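Visitor: Protein chains in written order, with our numbering: chain A, 1 to 504; chain B, 1 to 107; chain C, 1 to 137.
No lab work stands behind these hints, which were simulated from the structure alone.
What you are looking at is a predicted structure, and each value in this text was computed from that prediction instead of being measured.
Check the hints yourself; a few may be wrong.
[Said to hold, decoys possible] Covered stretches of chain C, going by a simulated chain A footprint (3 or more residues, C-beta under 8 Å):
id : segment
1  : 81-89
2  : 113-121
[Claimed, not checked] Straight-line C-alpha distance at most 30 Å; calculated BS3-like pairs for lysine-lysine:
id : chain 1 : residue 1 : chain 2 : residue 2
3  : A       : K7        : B       : K90
4  : A       : K461      : B       : K90
5  : A       : K228      : C       : K106
6  : A       : K175      : B       : K90
Virtual Cβ for every residue (Gly too), placed ideally from N, Cα, C.
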Amino acid sequence: MKPDFRKTMIWLHTYSGLVFGWVIFTIWVTGTLSYYNDEISQWMRPELGSQPPAQQVVNRSLQELSLRASDAKQWRISLPSDRSNRLRITWSDSLERRAKRHSVTLNSQTLAPIEPRETQGGNFFRAFHYTLELRNYGGRYFAGAAAMFMLVAIFSGIFTHRRFFRDFFTLRFKKTLKAVTDLHAIAGVITIPFCFILSFSALLIYISSYMPWSMEYHFDNGRRDIDKHISTRLSPVKPANELAIPITNFDHIEKTIQTVWPEKGAISRISYQYPYDANGRIVVTRQPLLSLSNKSEQLAINPHTGQIIEEIKPERVARMVRRVFYGLHEARFASPILRSLLFFMGLASTFLIASGLIIWLNKRLEKVKKRHLGHTIVERLNISTIMGLIIAIAGYFYANRLIPITTTDRSELEINVFLITWLCVAIYTLVRSVKRAWQELLLIAGAGYLLLPVLDFIINKQWLLQAWSNRNLIYISVESAMLITGMICLVFYGWLKRRNNHVK
Amino acid sequence: MLSSLLLQLVGLWLLSMAMNKHYRHTFANALTPMLERAFSIIGWGLLSVSFILVLLLSPLPLMIVYWVSCLALNITLVAFFNSYQENRRKRCSNRSLIKSSVIPPLK
Amino acid sequence: MQSVIIRVSVGVCFSSANSGSHTQTSWVYKEFYIFMNLHNHYIFSMTSRVIAAVIGGYGCAVASSFALVPWLNIAFDMQKPDAVYLATMLSYLFYLGAIIWCFCQKTALLAWRDIIMSSLFFSLFYLLATPTKELVA
């Protein structure tokens with residue numbers, strides 16, 4: 001083969017994008033949705049209500065804990081935050097990570113226990129985008145391979161569109177294919193750092209699965225052992241077996257914490273370790289608003305005097321690199337504005353991937369005289385993945401509202417509805433002709449998303465009305481997002497219909 | 001912060017104006033080499049100023065993430081603005097062509 | 001496209017080199033034969049490169065994750081756990097580099113040569129730099 005660098009890069013870009021393109025698209029869509037993980041979960045658990053949190057949330061939760069869990073070894077309070085209205089108290093019999101836990105969700109104003117419906121909420125999208133609903137670790141390897149292919153596609157894409165500094169400000173809207181190619185180029189250019197960091201951090205997150213060899217060889221217990229040696233952590237607590245009553249009025253401690261963590265809403269979680277023991281301590285975890293690293297900053301406080309005993313030491317360089325990439329990937333630090341910017345870039349990247357697949361197909365169909373099986377496969381896979389995923393997400397939301405609350409294994413059932421909807425769309429695309437399939441699926445998606453808030457209103461008026469009166473922006477913006485998605489789908493449907501009628 | 005992002009937008013717009021292709025859609029005359037260099041230098045200068053402004057804020061890594069994300073948004077805005085200008089100029093020129101041409105009589 | 005150019009050029013060479021004795025059909029046959037071989041050769045070459053990039057590159061990356069450990073240990077005075085961790089993370093860059101490199105070489109054989117040589121180099125470096133199994137922990 002003639003060694004032409006640009007041609008090689010074009011080949012590499014085409015095929016690395018094509019082979020895993022649909023998996024990459026799925027991962028990016030569900031991943032972009034995960035930016036609003038807590039918000040979607042809140043919409044999917046409407047029983048949590050929209051009331052503002054009570055004044056003395058921590059003190060009253062501590063009261064509840066001392067009533068319910070006086071002999072537990074660990075108490076934990078997860079406080080409601082900007083993103084989530086959920087107040088949850090947990091207690092367990094030991095400090096081990098996998099110990100049995102009892103947890104109760106409380107109404108953040110009245111502190112009465114609520115039973116929100118059993119659902120995985122937005123966390124399903126987050127888990128889906130790295131497990132792909134496969135058993136054990138299979139999905140993570142698949143997603144890792146997809147991340148690697150994405151990195152190669154990004155690099156080769158930069159070389160393919162080498163003239164991007166001259167071209168990327170240009171958008172030609174006359175011919176559709178040229179317009180889509182230009183939009184692909186500009187979406188690619190603006191998301192180069194975003195895509196690179198997300199794919200690279202994805203590979204780094206599961207690095208002990210993808211490149212375990214060096215770690216396994218150098219340590220006796222292999223890669224499970226390495227975390228002990230690299231991360232810094234608070235020193236372990238040893239119970240003294242003497243009875244002592246801890247402070248249950250948290251206000252003073254909160255003031256002490258504010259001297260170290262000055263921002264508002266700094267406390268994300270409060271943990272009482274060995275609450276009724278003389279050597280017990282309070283561990284307070286910080287909300288990750290100011291630091292890129294995904295390491296949770298923790299303070300250890302003496303529960304009897306209210307003084308800060310220990311602060312967790314910062315990580316050393318090696319672990320810090322992964323922490324920062326992990327933090328950039330999850331973007332828990334992002335304020336609402338930054339998160340909407342990141343969401344916009346995520347949408348641009350998913351458009352990048354989808355348009356890449358569509359461009360490949362249309363360019364080949366223009367050039368080739370005889371179609372063969374490959375083109376048909378790509379064509380049908382395109383529709384069933386792109387539209388299938390969009391409709392399946394709507395189906396998941398419908399399932400959340402329509403499945404009765406008392407069903408057993410309700411969260412599993414919601415996920416099954418998601419997957420079955422996708423399968424139905426895939427079968428539908430095999431049956432209909434391509435043009436009709438795109439049009440009708442866009443119509444179904446648009447109508448589906450527009451009817452979701454209506455359905456929500458019909459089922460229980462109170463949720464939306466309370467959200468409106470309490471200014472629960474999270475609930476309102478999730479529903480607005482659904483309306484906007486529905487309208488965009490219908491706009492595309494109208495455009496496609498006019499175009500197809502015009503061509504005919 | 002906001003000023004830094006506005007500077008970024010203006011800087012990117014100036015950089016795009018340094019290309020003849022976009023210049024002649026927005027302004028009626030052609031791009032001279034002197035103007036091209038001026039736009040290019042000022043554009044890069046404004047971009048660096050906006051980056052330095054962001055470096056002064058804290059916490060630093062978070063601000064850099066903001067800056068890069070806004071860069072993406074601003075590039076999109078400039079690209080759409082330029083193609084709007086191009087379409088407007090094409091429409092204007094079409095209209096002036098129609099006005100100035102003589103309509104042939106029907107046979 | 002490349003194969004078309006090669007075919008035309010080979011055809012021209014053939015026709016100019018064998019001026020008199022070959023008939024029209026055998027010239028066409030030879031040209032077609034070479035084209036088919038070249039086309040198969042193209043598929044073989046690309047597949048070989050892909051395997052070199054994906055699998056060979058992974059091997060090269062693993063070898064680099066070993067080799068970087070003593071380098072980080074000695075050059076930056078990093079303790080063993082940190083060095084192992086950082087070396088593994090940096091090996092991803094070597095994987096990416098190997099993939100791009102494989103597709104930049106003139107022939108697939110050269111790509112394989114580079115992959116194998118770099119993996120051997122990394123392994124040798126690791127074995128020589130850590131004579132005993134223990135690093136400075």
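Visitor: Evaluate each hint against the coordinates.
Guide: Against the structure, the hints:
no., hint, verdict
1, 81-89, "holds (count 9)"
2, 113-121, "violated (count 0)"
3, A/K7 x B/K90, "violated, 34 Å"
4, A/K461 x B/K90, "violated, 51 Å"
5, A/K228 x C/K106, "violated, 47 Å"
6, A/K175 x B/K90, "holds, 15 Å"
Checked against the numbered hints listed earlier, the structure breaks hints 2, 3, 4, 5; every other hint is satisfied.
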